[in-house]
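Colleague: Listed here are the chains, written in short residue letters.
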Amino acid sequence: MGSGRSKQLPADYAVAIIFLLALWEITSLLLNRPYFPGPYASLLVFFHEMAKYLWAHLLVSTARVVVSLAAALVPAVILGMVLGREQRLDRYASPLIYLSYPVPKIIFLPLVITLLGLGELSKIFLISVIVFFQILVTTRDASRQVSKSMVDSVISLGAGQLQIYRHVIYPACLPKILTALRISLGTAIAVLFFSETIASRGGIGGIGYYLMEAWARMEWDTMFAAIIAMGIMGFALYMFLEWLEKRTCPWEFL
Amino acid sequence: MIRVSGLEAAYINNNTLIPALGEVSFTLERGQTCAIIGPSGCGKSTLLYILAGLLKPLAGDVVISGEPVRPKRKETALILQDYGLLPWKTALANTTLGLEIRGYSVKEALEGAREAMTDLGIWEFRRHYPAQLSGGQRQRVAIARSLTLKPDLFLMDEPFSSLDALTRESLQKTLLDFWKKKNSTMVLVTHSIEEAVFLGQKILIFTSGPGRILQTVENYGMGDAGYRTRPQFYERCSMVRGIIEGGL
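Sequences listed follow chains A and B, in order.
If you read the first sequence in numbering that gives the first Met the number 0, its first letter stands for residue 0, the second for the next number, and so on.
If you read the second sequence in numbering that gives the first Met the number 0, its first letter stands for residue 0, the second for the next number, and so on.
So that you can see chain A by itself, here it is in the shape it has in the complex (with noise of 0.2 Å):
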């Protein structure tokens, strides 16, 4: 079960995080051109620009990510759920799923900013439709797995639907749900980025906006603060997501 898991310690993140930033400078030092700081550099005008006004785009660009994650979460659990288990519900929605699931929904970009216009709504409506159809598809294949003895003596024991997902169906996809949500993660934030560099009517526009604009006035330092501001957001959400698996199942890691 869990056992195949790593278990990583801080030391070992210190080690990669060390290496990274060996990597980077000498890439810089390699380059040796404007556009490429180093990361002392960068990290210095990070801190910097974090006082100012780079902290509330950091803000504005995870509260995005959230919401669009957790608005996609919820529908997607519960449909998902429910489709492994009817399968004639699941016979009219596969088509639907399998037509759908591979376009890239990136291209509605111009569409959906046209409808839902330059605010919080198109970037957050785009985002979860797209991470919607990762976790649906992941929720319904770890739904249909579940064994039928284990649905069965729950039955034995006299529980009606809802008690099956509660104890049995929704734990069982549970993990898998978690994994599907890690995934979903990096779409999200590249979808984020997308969307904020093309849909901002500028003020806080989010990390993406802050970093086209600083592309465009060629303040590399900055744009490469925005980066490593990208960077921590996503690995903050990342180990986000890690512990609440460790916390939802603990069966997991035995």
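A portion of the hints provided could be inaccurate.
Unchecked claim - Here are the computed distance ranges between Cβ atoms for each label pair:
{"hint": "1", "chain 1": "A", "residue 1": "246", "chain 2": "B", "residue 2": "106", "range": "21 to 29 Å"}
{"hint": "2", "chain 1": "B", "residue 1": "101", "chain 2": "A", "residue 2": "245", "range": "30 to 38 Å"}
{"hint": "3", "chain 1": "B", "residue 1": "105", "chain 2": "A", "residue 2": "246", "range": "17 to 25 Å"}
{"hint": "4", "chain 1": "B", "residue 1": "24", "chain 2": "A", "residue 2": "242", "range": "53 to 61 Å"}
{"hint": "5", "chain 1": "A", "residue 1": "159", "chain 2": "B", "residue 2": "16", "range": "26 to 34 Å"}
{"hint": "6", "chain 1": "B", "residue 1": "181", "chain 2": "A", "residue 2": "148", "range": "19 to 27 Å"}
{"hint": "7", "chain 1": "B", "residue 1": "245", "chain 2": "A", "residue 2": "148", "range": "50 to 58 Å"}
Simulated from the structure, these hints should not be mistaken for lab results.
From a predicted model like this one, the values you see are computed outputs, not experimental measurements.
Glycine included, each C-beta is placed from N, C-alpha and C at the ideal position.
We have chain A already, so just place chain B on it with the hints.
Modeller: For chain B alone, coordinates are given in the frame of chain A:
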């Protein structure tokens, strides 16, 4: 306690109806134990699922305690080969599950679980997850869970088949003790002749699929832990073996 008459059952595989049981009839008195044995695919598990109300028969009547069989009969406990434990619940949470589902308070559920788990010697493992328990301990948890519901009918589908010989014998003895103490009715599906002779007052020997009752053996003398070492036990085992082999 159980009256089965003219029972026929089938299952669907690739859109064809495959008969599983043909014309099975038998009765079992309250407090009796019955072992069902026969070749693989003789429909013995199907019969158990019908008795549990989880499968509907094609034809025939099943009456349990004077009422037609129905799903979720409260006093029926089903114990499966793979124990039916939930990997995400600790031994304790697995044991309280039945009482929890039936709406008992947390306190009552805990009390019931503690009693059953103590009886079966697994209370000290209550915080372990199933993956951390041995096969024998897991099956004890499954038995404890069904005991909390105070059943009068135990249905067991090859409950000990994946256990090593010593653990199996010790659990068979535990089961025998419980049966003598609680005087509940037991139906045990098994593929082990020794288990059938050790635990079944009545042994139903099935033909290969679709299963029919080839012969019913009244197993006088069972019910005593020392039975296993008596010559009578061996004679009965060879007799059952002879009937099974003759029926193939």
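Colleague: Look at each hint and say if it fits the structure.
Modeller: The hints, checked one at a time:
{"no.": "1", "hint": "246/A to 106/B: 21 to 29 Å", "verdict": "holds (26 Å)"}
{"no.": "2", "hint": "101/B to 245/A: 30 to 38 Å", "verdict": "holds (32 Å)"}
{"no.": "3", "hint": "105/B to 246/A: 17 to 25 Å", "verdict": "holds (21 Å)"}
{"no.": "4", "hint": "24/B to 242/A: 53 to 61 Å", "verdict": "holds (59 Å)"}
{"no.": "5", "hint": "159/A to 16/B: 26 to 34 Å", "verdict": "holds (29 Å)"}
{"no.": "6", "hint": "181/B to 148/A: 19 to 27 Å", "verdict": "holds (25 Å)"}
{"no.": "7", "hint": "245/B to 148/A: 50 to 58 Å", "verdict": "violated (33 Å)"}
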